[in-house]
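Undergrad: Chain by chain, the residues:
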Amino acid sequence: DGGITQSPKYLFRKEGQNVTLSCEQNLNHDAMYWYRQDPGQGLRLIYYSQIVNDFQKGDIAEGYSVSREKKESFPLTVTSAQKNPTAFYLCASSGQRLSNQPQHFGDGTRLSIL
Amino acid sequence: SQQGEEDPQALSIQEGENATMNCSYKTSINNLQWYRQNSGRGLVHLILIRSNEREKHSGRLRVTLDTSKKSSSLLITASRAADTASYFCATDPLTGNQFYFGTGTSLTVIP
Numbered sequence: 001d002g003g004i005t006q007s008p009k010y011l012f013r014k015e016g017q018n019v020t021l022s023c024e025q026n027l028n029h030d031a032m033y034w035y036r037q038d039p040g041q042g043l044r045l046i047y048y049s050q051i052v053n054d055f056q057k058g059d060i061a062e063g064y065s066v067s068r069e070k071k072e073s074f075p076l077t078v079t080s081a082q083k084n085p086t087a088f089y090l091c092a093s094s095g096q097r098l099s100n101q102p103q104h105f106g107d108g109t110r111l112s113i114l
Numbered sequence: 001s002q003q004g005e006e007d008p009q010a011l012s013i014q015e016g017e018n019a020t021m022n023c024s025y026k027t028s029i030n031n032l033q034w035y036r037q038n039s040g041r042g043l044v045h046l047i048l049i050r051s052n053e054r055e056k057h058s059g060r061l062r063v064t065l066d067t068s069k070k071s072s073s074l075l076i077t078a079s080r081a082a083d084t085a086s087y088f089c090a091t092d093p094l095t096g097n098q099f100y101f102g103t104g105t106s107l108t109v110i111p
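If you read the sequences in order, they're chains A and B. Under the working numbering, the first residue of the first sequence is numbered 1, with each subsequent residue one higher. Under the working numbering, the first residue of the second sequence is numbered 1, with each subsequent residue one higher.
Among the hints, a few may not be true.
Derived, one-sided and incomplete: chain B residues facing chain A with beta-carbon distance under 10 Å [what the hints assert, rightly or not]: (1) 6; (2) 27; (3) 30; (4) 35; (5) 48; (6) 90; (7) 92; (8) 99; (9) 100; (10) 101; (11) 103; (12) 110; (13) 111.
Estimated spans, in silico, between C-beta atoms of each pair [unchecked claim]: (14) 81/A x 67/B: 38 to 48 Å; (15) 58/B x 80/A: 12 to 22 Å; (16) 63/A x 97/B: 14 to 24 Å; (17) 22/B x 54/A: 31 to 41 Å; (18) 61/B x 27/A: 21 to 31 Å; (19) 8/B x 67/A: 39 to 49 Å; (20) 110/B x 67/A: 44 to 54 Å; (21) 63/A x 68/B: 20 to 30 Å.
Think of the hints as simulated: they come from the structure by calculation, not from any bench. If you're wondering where the values come from, they're calculated on a predicted model, not measured in any experiment. Quick reminder that beta carbons are idealized off the backbone N, C-alpha and C, glycines included.
Next up, chain B with everything else stripped away, as it sits in the complex (with noise of 0.2 Å):
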């Protein structure tokens, strides 16, 4: 299977403190996305990082990519009760015409 991998499956944290997580892929990629799913219903896309890319911000998220290790992180900083969501990871390969998603990880954001 190409689908990636993440983790920590689960990660429960208290308000304010800082999230990470990561994905590990198998395939050579064009780009990687990041997408936050609220519990029944769709993917939101967050943020997406080209492979010749090292890091990007947007607002209170840092994603990372090392294609060498052929892996991500996403890191949320001074987290909020609203963050608690499942995160995943999804691969846009440079061959093939479908994208890969991770196993996803589930956060926890306690008041």
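Pulled out of the complex, with its shape left as it was, chain A reads as follows (with noise of 0.2 Å):
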């Protein structure tokens, strides 16, 4: 079945240390996206890529890091410097933009701080 796949669906980080999130699809989609969901709110976006080796920043970009090397793989990182990364991270991807076509999202990945 196409989808979305995000791993680990835990993780836990120490001080100082990076960690990376893992997103996969096989939807053939062009643009894939990262969120961030803090307890009872929205999402907010993190990156997005539009296309193979671009991606932008979004409203949160700030101490996190993202490659688009392949179409099918958009990698999180998630740096020392983001001071409060306990959150709900949401991977998604869609079709072309303005194509009329909604975001397939992943299960997500729950960040806390050891």
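Reassemble the complex: the two chains are provided individually, in unrelated frames, and hints are given to aid placement.
TA: Below, the structure is given as structure tokens:
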């Protein structure tokens, strides 16, 4: 079945450590997105990519980094510069912009600080 | 912020009743989408309504869109306990490259 796979489901970060969240899609979508969701809140965009080897900062990119070396993959690194990383992270993908296609979401990664 | 707002923030109803939630947004849009999120899970797309449409149905879901008021509503008829979830609207703006999500409505359907 086509879909988006996020891993791991749970992740713990030690102080000063960088951690990487995986996101893979087999929907042949051009665009991919990373969102952060805090308890009881909506989604805030961290980074997005419309095409391979290109990505743009979203509203809350500080302390995060991404890469888009393959169409199927869009990993997110939470760096030690992100002082409040505890949140639920969601990856999504969609077809080309303005094509009236919805986003498809993975099941998220919950990141906590040890 | 271009983020939309939803109201109410929380809604509790009895099984069998209808649930209505509203979304307001700020920019001109290409379309508006509604999503559902069960606790601890990703978002699931429910329905997409284009800017030139005023109403759309899908099963027990009815969505309306008023672009002059920059608002949309989602109606769930004959609710079931399994409809308990958070519901989010998202706008696909005419300019820019990102979607904007509302703050969500938490729906509880009491059996």
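Undergrad: Now, for every hint given, state plainly whether the structure supports it.
TA: Hints versus structure:
For residue 6/B, the interface hint holds, since its Cβ comes within 10 Å of a Cβ in chain A; the closest pair sits about 8 Å apart. Given hint, residue 27/B at the interface with chain A, is violated; its Cβ is 14 Å from that chain's nearest Cβ, farther than 10 Å. The beta carbon of residue 30/B comes within 5 Å of a beta carbon in chain A, closer than 10 Å, and the hint placing it at the interface holds. Interface hint at residue 35/B: satisfied, since its Cβ lies 8 Å from the closest Cβ of chain A, which is below the 10 Å cut-off.
With 10 Å as the threshold, the beta carbon of residue 48/B comes within range of chain A, its nearest partner Cβ sitting at about 5 Å, so the hint holds. Interface restraint check: residue 90/B against chain A, minimum CB-CB distance 7 Å, threshold 10 Å, status holds. Restraint check, residue 92/B versus chain A: the minimum CB separation of about 7 Å is within 10 Å; hint holds. Taking 10 Å as the C-beta cut-off, the interface hint given for residue 99/B holds, the closest approach to chain A being about 6 Å.
For residue 100/B, the interface hint holds, since its Cβ comes within 10 Å of a Cβ in chain A; the closest pair sits about 8 Å apart. Nearest Cβ of chain A to the Cβ of residue 101/B: about 4 Å, under the 10 Å cut. The hint holds. A cut of 10 Å between beta carbons decides the hint on residue 103/B: the least distance to chain A is about 4 Å, and the hint holds. This hint is violated: residue 110/B has a C-beta 20 Å from the nearest C-beta of chain A, more than the 10 Å allowed.
Interface hint at residue 111/B: violated, since its Cβ lies 24 Å from the closest Cβ of chain A, which is beyond the 10 Å cut-off. Range check, residue 81/A to residue 67/B: Cβ separation about 41 Å, and the 38 to 48 Å hint holds. About 45 Å separates the C-beta atoms of residue 58/B and residue 80/A, a value inconsistent with the hinted range of 12 to 22 Å. Distance hint check: the CB atoms of residue 63/A and residue 97/B are about 21 Å apart, consistent with the given range 14 to 24 Å.
Taken as a hint, the range 31 to 41 Å holds for the pair residue 22/B and residue 54/A, whose Cβ atoms sit roughly 36 Å apart. At about 23 Å, the beta-carbon gap between residue 61/B and residue 27/A stays in the expected band of 21 to 31 Å. For residue 8/B and residue 67/A, the Cβ-Cβ distance of about 40 Å falls inside the hinted range of 39 to 49 Å, so the restraint holds. Checked against the hint of 44 to 54 Å, the C-beta distance between residue 110/B and residue 67/A comes to roughly 46 Å, which is consistent with it.
Taking 20 to 30 Å as the suggested C-beta distance range, the pair residue 63/A and residue 68/B does not conform, at roughly 40 Å.
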